[in-house]
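Novice: Chains as they are written, first to last, in my numbering: chain A, 1 to 160; chain B, 1 to 160.
If you're looking for bench data, these hints aren't it; they were derived computationally from the structure. Don't take each hint at face value.
Identical chains blur together in the list; that is why a pair holds if it fits in one copy or across any two.
[To be verified] Dumping the calculated EDC-like pairs for lysine to aspartate or glutamate here, alpha-carbon to alpha-carbon at most 16 Å: (1) Lys15 <-> Glu140; (2) Lys148 <-> Glu124; (3) Lys88 <-> Glu110.
2 protein chains.
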Amino acid sequence: MDGPGNSEARESLTKRRLRLWLRMLTVTRATEAGLRGYLREQHGTTLPRFDVMAALWRRGEAIPMGELSRMLLVSNGNATDVVGRLEKEGLVQRTPCTEDRRTVRVTLTEAGRAQFEGMASGHEAELSRLFGALNLDDLETMRAILRKVSPQMDGAKEKA
Amino acid sequence: MDGPGNSEARESLTKRRLRLWLRMLTVTRATEAGLRGYLREQHGTTLPRFDVMAALWRRGEAIPMGELSRMLLVSNGNATDVVGRLEKEGLVQRTPCTEDRRTVRVTLTEAGRAQFEGMASGHEAELSRLFGALNLDDLETMRAILRKVSPQMDGAKEKA
C-alpha cells in the first residue's frame with residue numbers, strides 16, 4: 001500500500017525497500033557467520049544440525065519429518081540428511097507414525113537434549129554479543145515491523 | 001550494553017534478542033524463497049548468479065575476485081564457480097590485473113549488463129510485493145536499527 005503518492009515517491013519506496021533488504025541480508029549473513037563460528041569452534045557442530053535440534057527442543061515432542069523440513073525452510077532432502085546423521089550419533093530418534101506408516105516423526109533423545117542444552121546457552125550469549133547494541137525498544141520496534149512483513153509471505157508460518 | 005538492570009531484565013533481553021533473531025531468519029529465508037522463485041520461474045536463473053551480477057552492476061567497474069567473494073559473504077570457491085559459469089555464457093569477463101597477475105578482476109559484459117537489467121526491475125517489483133506492508137517510516141526505522149548492529153560484526157563491511 002504505497003498510498004496515492006506520485007511516481008517519484010513510489011520509486012523512492014521501491015529503492016528503499018531494496019536497500020533495507022540488502023542490509024537485512026548482510027546482517028543476517030554476518031550473524032549466521034558468527035553463530036556458525038561459535039558452533040564450529042566450541043562444539044564442532046554446524047548450524048543446520050543446531051537448527052534441527054533447536055526446533056525439536058522448542059517443540060518438546062515428536063515432529064513429523066515433513067513439518068520439520070518446512071519449519072527449517074530447507075529442502076526435505078537436506079533436513080533428512082541432517083536428521084540421518086544426528087540419528088547415527090544417537091542424538092535424535094525417528095519413529096514411524098502409528099496411524100500412518102508413511103509418516104516419520106522425529107524426537108530428541110536424552111543425549112540429544114543434553115547436548116543441545118550445552119550449546120544453547122553459549123549460542124544465546126554469542127547472539128547477545130552480536131546484537132549487543134540493540135536495547136529493548138529497538139528489539140520491540142523491529143519485531144513489530146517484521147510482524148507486518150510476515151503475513152505477506154507464503155509458507156512463512158512461524159512461532160517466533 | 002544492558003545497563004544496570006536486574007538479572008530478570010537481562011534474561012528477558014537475551015530471550016528477546018533470540019526471538020528477534022528467529023523472526024529475522026524467518027523473514028529473510030521467506031524473502032529469499034520468494035526472490036528465488038521469481039528468478040527461477042521468470043528468468044531460469046539462481047540467486048547466487050543474480051547476486052554476483054548485481055554486485056558487478058552496482059559497482060560499474062571491475063571487482064577483484066577476492067573482494068567479490070567477501071562482498072557476497074560466500075566462500076571463495078562458491079563465487080568462483082558462479083563466475084566461471086557466467087563467463088562460459090558470456091555474461092561476465094575475467095581479466096588478470098596488470099600490476100599483479102595473481103589477482104583476477106571480474107566485470108559484466110554488455111550481454112551480462114543487458115540480462116541483469118532485464119531481471120532487476122522484476123526483482124525490485126517482487127521485493128516491493130513481499131515488503132509491501134512496510135511504509136517509509138518502517139523502512140527508515142529498521143535501517144537505523146540494523147545500522148546499530150552492523151558495527152559489532154566482523155567482516156560485515158557493506159554499502160547498503
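Novice: For this structure, which hints from the list above don't hold up?
Specialist: 2
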